[in-house]
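Chemist: Please put together the full structure from these sequences, using the hints given.
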Amino acid sequence: MKSTIIGPYPRVDSQLADCLRREQNNVYRGSGNTQLVKKLMQDLTREVVREMVSTGIDLPHYGFIDVHDELTWPLEYVNGVEFVGMKKVFHTNTHYRVALVNGSIKSRKPIINDLYGVASEIHPEVKLEFPGWYTMAKHSVLSGKSPYKNFVDLAEAYVKLFREELLKCGQNVLLVQFNEPSLIAYGREHNDLEMVPELYKRLLVDLNVPTAVWTYYGVYSPEVLDILFSLPVDIVGLDFVWDPGVERLLKERSPDKGIGFGFIDSGDRGFIVQEDSHTIIKKLKGLEGYVDLERSFLSPNASLEHLPRHLVRQKIALIGEITRRIRE
Amino acid sequence: MSLPFLPTTGVGSFPKPDYVVGSIGYLDNNSKRATQEFIRLQEALGIDVLVDGEFYRGDMVTDYVRALGFPLAGWTRSYDNRFWRKGIVDKPLERQGTIQVEQFRYAQGLTKKPVKGMLTGPTTLANWNFDNYYREREALVFAWAEIIRQEAFDLEDSGAKYIQVDEPAIAERHWETDLFKEGLRIVTEGLRAYTITHVCYGDFPLVYSSLVDLPVDQIDIELSSELDLGLERSHLLRMMKENPLTQYKDVAVGVIDVRPGVAVEDVDTIVRRIYTALEVLAPTDGALRRIWIGPDCGFRTTKDHHVAYLKNKVMVEGTKRVRESLEI
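Read top to bottom, the protein sequences are chains A and B.
In case it helps, our numbering puts the first sequence at residues 1178 to 1505.
In case it helps, our numbering puts the second sequence at residues 263 to 590.
There could be a bad hint or two in this list.
Listed below are several chain B residues computed to face chain A (Cβ distance under 7 Å; list not exhaustive) [what the hints assert, rightly or not]:
# : residue
1 : Gly336
2 : Tyr341
3 : Gly464
Just so you know, the hints here were simulated from the structure itself, not pulled from any lab data.
Glycine is no exception: its CB is placed at the ideal position from the N, C-alpha and C atoms.
Modeler: Put into structure tokens, the structure is as follows:
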């Protein structure tokens, strides 16, 4: 078992982070130095990747300290999209930009930006993580000028975009992960999930890199879980904080996949939970025989940005400790 | 005081001038000076119902946490380069003195025009802080509601004719609308002042049916990006057209985009947005008289004092032009 995290890492609470915040605000006022912002982002990426790794994360991402929000950032690198507003589409105070699709979705520059390279210099094992095409399409708006007539058309365009990006990055990637909270998001309708396996197949066929789909912010019906386990990916990330009952469903299915065990509370529901390592180890050991723990990951249930950074350090230290003890 | 047709107003904050440093939660000489300048600025522009600019604070949560004696957990991000400090409710909520009343008294004392008394709503305070005490949503929201109710009555006793309860979290837990409504009812029941709730950046179609019977006189809603999308593309506008909120209460329409980096709109854009709002919300003369004009949210997010000033200016100019064209 390995440890990992998902979603943006907190970008505040250090001297570097404060410098970046101030300079970005200066840029908004028209007096900032964009080159300095770029340099500060690189330095802060080094800082957060070092922090993740030294505190216990085996497979970090690059930190995402540059993104507006975790859902829409890839669309900054494409033509055919305009950001027209913001909306809180989940249960938290995270604002996501509203992407208005008014043209053909075409890559303008690589989605995998230079900060991924900066992170890889610090730590040789860094995963690639993207918002999932389904979640992105769910929260995009089609303009009258868009060549896409409906949700399925747009979803296919996003699939094509990600596939072209992944084809460029070769086979040295350790894990390509797509975050799909909208597949299970609480209180939403999920009546169009039949298309999901086929489109993931189109996205990932013949890529020959390990892949994952992570889900969070909701509960799992047996049908949804069956769809998730039918996806052509190596790992399925599950939110055990929102839905402790998924443990039983998991045992009933015993899937031939690694699991992303989202056991550690990211604070998204408004509680500061101090997990007990013994309880989580017991739960994980109880799943031995049903799930291949060696291929699995321990993670928070969602982005740790819902917590202040000093509490995040405690959380990832715990993730690291539990993972080590399971391995031993 | 009688108001003109299509009264103009603000939502709350204005970017701090350089001489205001930090967010102390109460009025010092610098924030008093800034408040004074901002009141004069609004008067000069011809805004009808004023706001105090909130120069004494950095966000809409921290003051309440400080005033009630709770610890602050630390910074968390809402989007891009915007952060707020989450508090930790770790004991029963108990009001120890007024929170916003002195600030209102000072601002109202500077002008003969009405100034809004400003409050943060119980659901927003419940959602944007950690709860390590109640651990149960209803108890938490109602406890906050009781605090805000006491504050609302003190504002009214201090002369507030307009009391605004900010509830940007209204749609975050869209499955809890009854709880949201009940929290707001506890705050507003028995007040003689004109009551407003400001809502923004939510997935409003999910809660639209609840907006119609919120226990307030006015809903102040962020709408500029939806107005730009137009009836054909905006699900929310279509819902509004079908069942106009103006059948039930007054509506302050957000026609100014306050997101960081968004350029100052021209007057034509504002006029177009107002006409779209009237098309959707004002099928009758009576409904037309229930509409107010304002920005999407507080201007703090624009980061730039001059940009915020210009945005207020075009809002007033656009409104005047519509008033003249309608000859009411």
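Chemist: All hints are to be evaluated individually against the structure, with a verdict given for each.
Modeler: Hint check results:
no.: 1; hint: Gly336; in the structure: holds, 3 Å
no.: 2; hint: Tyr341; in the structure: holds, 4 Å
no.: 3; hint: Gly464; in the structure: holds, 6 Å
The earlier numbered hints are all upheld by this structure, with none contradicted.
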